[in-house]
Amino acid sequence: MGLFRDETPVDAGLTTGAVARRLGVSPTTLRSWDRRYGIGPAVRPDGRHRRWTPQDVAMVETMCRLTSSGVPTAEAARAAKKGTEEEAPDDWEDGGDPGDAADGAGASAPAPPRSSAPAAPATGSAPPSAADVRQECRGLARAAVRLDAPAVEERLEGVVHRYGVAAAWQEVMVPTLNAVGRKWESSGDRYVEVEHLLSWHVSTVLRRCAPPAGARHEPAVPGPVVLACVPGEQHTLPLEALNAALGQLGLPSRMFGAAVPAEALVAAVDRLGPTAVVLWAQARSTASVPLARHVAAARWGVKGARRRPLVVLGGPGWNGRPAEGMVRPTALGEAVDVLTDLYGRAP
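All residue numbers for the sequence shown refer to full-length UniProt numbering, where the first residue is 1 and numbers rise by one.
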């Protein structure tokens, strides 16, 4: 019978759960790809469950390979539908300025830099096309290299407005930050000021995306989402992006930022009774499994109706670490989907 249930005929196809187990992704990710990009079952017979044919599974396998190699999600979806795994060359890795040093007339546009964590949009906005991504990344990088702060901010606000927080973050902000970081690492101390300026304005624009606290509907139950970097972790931008996306959806959150001491994190969880706790670890050295388990074991409420938070592990530091009973989304869009499901809302 293999991956098929005993009661399922072979020609009926696989369920979403079976495909998720086979490919090592969450059902939420498959549903998100299906809803946003059409990467899903081509035939949906009457009944409660959708079935995946071998052709459908092959398409989503291609999608997984492309996104794992760093191809932006929208571009990977288009390639998967076409049955190809061709990837555009990454000119930014081969020398020149991060903003495309070939500024002369007739110069070809560089392909978008590869991102380590592609994501789907968190809102209903249409995802940017590959051409849009190339243009947005190039324009943003050029403005950053010029240290043109007004232009950087204007471009960042524009991509958020056009594509939504999650798509702007993953398809434009992350690739541009990564490209500038690679140039910094490969050229001595050059471009450090560019990365600092770009990071500052990304943070500024993301914070503007979230509505004022008084404008949010803060239900007494369930509690908010707690967002915190683990002790010793200073990388806050991914959490700021998630906080902005949750804010746009009107979901309650509490952002604690970088390097939150373990005692302070536990105290905040005890005081807030959160629906979920998102722990970010960029480096494996900071990813504390005992801390995550301690937070996951927190309980509150009256006897017989006690609750506990869902622990969401974010960042590459958790790769390969045990995460029983916890969730490890691979992308910002997936994290947003997981959290909105907890509140019973569609993103």
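There could be a bad hint or two in this list.
What the hints assert, rightly or not - Distance ranges between label pairs, derived from CB positions:
# : residue 1 : residue 2 : range
1 : A259      : P222      : 26 to 32 Å
2 : G257      : V289      : 18 to 24 Å
3 : R307      : G250      : 35 to 41 Å
4 : V266      : G17       : 18 to 24 Å
Hints were generated in silico from the structure; no laboratory data involved.
As the structure is a computational prediction, the values presented were derived from the model and not from experiment.
Positions of the beta carbon are idealized from the N, C-alpha and C atoms, including for glycine.
Results of checking the hints against the structure:
1. A259 x P222: 26 to 32 Å: 27 Å Cβ-Cβ, so the 26 to 32 Å window holds.
2. G257 x V289: 18 to 24 Å: Since G257 and V289 have Cβ atoms about 22 Å apart, the given range 18 to 24 Å holds.
3. R307 x G250: 35 to 41 Å: 21 Å, violated
4. V266 x G17: 18 to 24 Å: 34 Å, violated
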